[in-house]
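Protein chains in written order, with numbering that gives the first Met the number 0: chain A, 0 to 368; chain B, 0 to 368.
Worth double-checking, as some hints may not be accurate.
Some chain A residues flagged as far from chain B (calculated, every beta-carbon gap over 12 Å) [unchecked claim]:
1. Glu41
2. Ser192
3. Glu248
With a cut-off of at most 30 Å between alpha-carbon atoms, the simulated BS3-like pairs for lysine-lysine come out as follows [said to hold, decoys possible]:
4. A:Lys174 - B:Lys178
5. A:Lys266 - A:Lys175
6. A:Lys174 - B:Lys100
7. B:Lys175 - A:Lys266
8. A:Lys99 - B:Lys174
9. B:Lys100 - A:Lys99
10. A:Lys100 - B:Lys100
11. B:Lys266 - A:Lys175
12. B:Lys266 - A:Lys266
13. B:Lys99 - A:Lys99
14. A:Lys178 - A:Lys99
15. B:Lys368 - A:Lys100
16. B:Lys299 - A:Lys100
17. A:Lys178 - B:Lys174
18. A:Lys178 - B:Lys99
19. B:Lys174 - A:Lys100
20. B:Lys266 - A:Lys174
21. A:Lys178 - A:Lys299
22. A:Lys175 - B:Lys175
23. A:Lys174 - B:Lys99
24. B:Lys175 - A:Lys88
25. B:Lys368 - B:Lys299
26. B:Lys175 - A:Lys174
27. A:Lys100 - A:Lys178
28. B:Lys174 - A:Lys88
29. B:Lys99 - A:Lys175
Keep in mind that the hints were calculated from the coordinates and are not lab data. Here a beta-carbon is modelled for each residue, glycine too, at the ideal position from N, C-alpha and C.
Protein chains: 2
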Amino acid sequence: MSSQTTPNDNQALPMLIRAFAGEATPRTPIWYMRQAGRYLPEYNELRRGRSFLELSETVELAVEVSLQPFRRFAVDGIIMFSDILTPLKGAGIPLHFEEKKGPVLDQTVADESEMHHLREDFDPGVDTAHVADILKTLRAHIDALPAGTERPALLGFAGAPFTLASYLVEGGTSKKFEKTKGAVFGASEFFHSLSDRLTEHMIRYLKMQIDAGADAVQIFDSWAGILSPADYAEFAAPYTQRIVAALQEYTPRPVILFVGNSAHLLKEMIAQQPRVLSLDWRVQAPAVEREMEAAGALNKMAVQGNMDPLTLYGTPERVRSAASRVLENFAGFAGRGGYVFNLGHGIHPSSPIPNVQTMLDTVRSFPVK
Amino acid sequence: MSSQTTPNDNQALPMLIRAFAGEATPRTPIWYMRQAGRYLPEYNELRRGRSFLELSETVELAVEVSLQPFRRFAVDGIIMFSDILTPLKGAGIPLHFEEKKGPVLDQTVADESEMHHLREDFDPGVDTAHVADILKTLRAHIDALPAGTERPALLGFAGAPFTLASYLVEGGTSKKFEKTKGAVFGASEFFHSLSDRLTEHMIRYLKMQIDAGADAVQIFDSWAGILSPADYAEFAAPYTQRIVAALQEYTPRPVILFVGNSAHLLKEMIAQQPRVLSLDWRVQAPAVEREMEAAGALNKMAVQGNMDPLTLYGTPERVRSAASRVLENFAGFAGRGGYVFNLGHGIHPSSPIPNVQTMLDTVRSFPVK
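Given these sequences and hints, build the entire structure.
Here it is as structure tokens:
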């Protein structure tokens, strides 16, 4: 049993949290990014006739959506249904979501003259009060599960400053990130100021989530993989590192660091000492071991990942073999640094449910030492 | 002097080719991907009122465009102006280019039933006769340069089977490659058949380019970096490896292998034994050295790369420091395995000419041992 305590420390810690702490668990825990989403018919049912914003900002609807994958699959983690851009909206940036395009920011922060649009005095308890309420409601729901039920962990999250800054500069998602890198390389001072403000916002935002009952929080640096290692070390890592440090000073609950497309950034990610590294499908276990060893972090840091989410578009045999391969590759981390099964990126909208079930079955029947 | 011979072996081999062969050169040679393109005013002048297809299929126009970066910057390599999809059009796939969207294939090859649309009997000398003519004209132009002129190398190229197959399956460019991976993981046999046919096509296509006078040819596997190492080894590497082997049996002229976003694929790329590895900006020199050493390829394989092309959107100081960093990182390859400066991906359309000049000046003034 871990020495960590939570407000519910009279109960056993969730299996997911025990695995993150490097404890041996009876089987490999599993949750997966974007598990509450469009591949679920019950999600589409609730989404019908509603905007994404209505769904994510209405506490009872967001709670229901968050619970859907737990109800259907009994996943080991429940992640709050929200978007990484939610706190930007709370800090003064108007935005909406378009069906095929994704998020569209109605106000960019593309240079120094636009900095004031992102309010400095962002107060997460007020400006994103619904997020606190979603987490508290989910907390209460989990705590009220009948005794003997395997308790899922409650997960909060936030976007990393680099990724959030890229949305603010581009005004939405991007394919080539020309404006982002234009700002990074051409207006470095502005980009650092913006990242600094976002860092302070995200520290407050994640502390609020811990206070509202999250068992762990994940930082999503979805786009930082577009940077070379040297540029990542200059423009992205210092900010996520500050968030990790501030959170881990605030709470013993684990902080998970996810960087998309980051096979080349392992050393720089490990140096930030998050409790858990969340890895995309490009990363191989031996490289993780080598870099952790070099940093003195082996057997002290957990990993989460890393099946290619698009494997779920394949045959059942392909799903089984891909999940087994991931489990075998990372078996050495289970009960040592810690290992939790996940996808390498969010699940895609057309993933067939039977394939998702096959993935879950493969993970659950995988023998642990 | 190299022991390689070319049809012009009475003249000295171009500096670029000598660097690819691992010979010491008086300075670091440079060319860069998409060097003939929209960042050049003289390109836009010629492009005005013409479709991309007209520009690339009219021999005299394509020759003129190919020469533009040489005339302006005296780059060390002239790459023929063409598109990786050109041979697909030659093999029966109608396509056109849209201004913002890029290439659109009017006929996909998304499953077995559509395989026949990609003709098996592709004959590059007939079906892409204009490509042979572009190369022959460029060859004659280079050979006719006044004595004493530093002779640029003539470069041909082809898309890799995985990347071409992704265009055929998706019907164009993609952001998430859902259809491609759906085919890879869900219809593996079809995907292998398609890749096999494309491999035969590209071997013929590149041999034709060698015959037409190319000093070196580059294989572009722009999208294979979306695959995990195991999936790359199963679905992409066997095909580029066949092309490399067939070409290197056919000619001593170097084959360059470029895989986009490939920091996680170095081992698998090196195992294919191309003469030159072309690296994107995520890759670090020590990782390349380690993997080459492990494969017994160190000092036998050249590298090309790898400045982030979007650095060119930055300040002149940033361009200088980024180019210097790349030169310093790869200095150990010069005069041993071989090193040629390049970008990590194609130059972007809004790159300011003065920054391009700064990059060239930085490379040319960098002291070599």
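Checked hints:
no., hint, verdict
1, Glu41, "holds, 22 Å"
2, Ser192, "holds, 16 Å"
3, Glu248, "holds, 32 Å"
4, A:Lys174 - B:Lys178, "holds, 18 Å"
5, A:Lys266 - A:Lys175, "holds, 25 Å"
6, A:Lys174 - B:Lys100, "holds, 12 Å"
7, B:Lys175 - A:Lys266, "holds, 26 Å"
8, A:Lys99 - B:Lys174, "holds, 12 Å"
9, B:Lys100 - A:Lys99, "holds, 15 Å"
10, A:Lys100 - B:Lys100, "holds, 14 Å"
11, B:Lys266 - A:Lys175, "holds, 26 Å"
12, B:Lys266 - A:Lys266, "holds, 18 Å"
13, B:Lys99 - A:Lys99, "holds, 17 Å"
14, A:Lys178 - A:Lys99, "holds, 21 Å"
15, B:Lys368 - A:Lys100, "violated, 51 Å"
16, B:Lys299 - A:Lys100, "violated, 47 Å"
17, A:Lys178 - B:Lys174, "holds, 18 Å"
18, A:Lys178 - B:Lys99, "holds, 16 Å"
19, B:Lys174 - A:Lys100, "holds, 12 Å"
20, B:Lys266 - A:Lys174, "holds, 27 Å"
21, A:Lys178 - A:Lys299, "violated, 38 Å"
22, A:Lys175 - B:Lys175, "holds, 13 Å"
23, A:Lys174 - B:Lys99, "holds, 12 Å"
24, B:Lys175 - A:Lys88, "holds, 26 Å"
25, B:Lys368 - B:Lys299, "holds, 18 Å"
26, B:Lys175 - A:Lys174, "holds, 10 Å"
27, A:Lys100 - A:Lys178, "holds, 17 Å"
28, B:Lys174 - A:Lys88, "holds, 26 Å"
29, B:Lys99 - A:Lys175, "holds, 13 Å"
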